[in-house]
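Visitor: Last residue of the sequence shown: 146 (this note's numbering), numbering continuous.
Derived by calculation from the structure, the hints in this document are not laboratory data. Here the structure is a predicted model, which means the values were calculated and not measured. Backbone N, C-alpha and C define an ideal beta-carbon position, used for all residues, glycine too. Just to be clear, a hint being listed does not mean it is correct.
Here are the in silico distance ranges between beta carbons for each label pair [claimed, not checked]:
| hint | residue 1 | residue 2 | range |
| --- | --- | --- | --- |
| 1 | Lys19 | Ser46 | 27 to 37 angstroms |
| 2 | Thr38 | Asn78 | 11 to 21 angstroms |
| 3 | Ala45 | Asn7 | 33 to 43 angstroms |
| 4 | Gln133 | Ala52 | 37 to 47 angstroms |
| 5 | Asp73 | Thr38 | 14 to 24 angstroms |
| 6 | Pro33 | Thr121 | 50 to 60 angstroms |
| 7 | Thr47 | Leu128 | 40 to 50 angstroms |
| 8 | Asp8 | Asp61 | 30 to 40 angstroms |
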Amino acid sequence: MARPIKNDIDSGIQSWDGKIDDNDEALFNAPLPIHEHTGDETDLASTFAAAAYDRCAVMVDDTTYGWSMFVSDGTAWNRILNVETIATIVDITDSSGGTANDTIASITNAANAGSADVGPTADAIADLAAKQQEIIDALRAHGLIL
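Produce the entire structure from the sequences given, and follow the hints as far as they go.
Guide: This is how it looks when you write it as structure tokens:
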């Protein structure tokens, strides 16, 4: 669906319509300003009761993640994203030739005694687990997962 066309207000017809036209211009013809809470996430709920602001958004200077958008679900304020950038996650290359699944198997020297592949395989699994943790940390930092 195409974005609806906004009907502009003809100011100058009444004595009060200039202010409405100015507000209309600020809200609809420019980036939408979002309220910035003067505290942090620790006093957000006591300042703005979540039940009174269901489905509303506010910018909060989170003590851990910096400026973040919080949205009320009617019972609590939930951080949904932060505006700070994080380090880029480097792509990992799969050179294993194996078949991927949801389990990372444990490789032990006892089970593979005499195998020259134990060290490199264990290192590859450790690299994969570390990369997975980087991704999880990035998603969590941006409020996309808990």
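Visitor: Decide, hint by hint, whether the structure agrees.
Guide: Against the structure, the hints come out as follows:
Taken as a hint, the range 27 to 37 angstroms holds for the pair Lys19 and Ser46, whose Cβ atoms sit roughly 33 angstroms apart. For the hinted restraint 11 to 21 angstroms between Thr38 and Asn78, the CB-CB distance of approximately 20 angstroms keeps it satisfied. At roughly 38 angstroms, the beta-carbon separation of Ala45 and Asn7 lies within the given 33 to 43 angstroms, and the hint holds. As the Cβ distance of Gln133 to Ala52 is approximately 38 angstroms, the hint placing it in 37 to 47 angstroms holds.
At roughly 22 angstroms, the beta carbons of Asp73 and Thr38 sit within the given window of 14 to 24 angstroms. In this structure, Pro33 and Thr121 meet the distance hint of 50 to 60 angstroms, their C-beta atoms being roughly 54 angstroms apart. In this structure, Thr47 and Leu128 meet the distance hint of 40 to 50 angstroms, their C-beta atoms being roughly 44 angstroms apart. A hinted range of 30 to 40 angstroms for the beta carbons of Asp8 and Asp61 is consistent with their spacing of about 36 angstroms.
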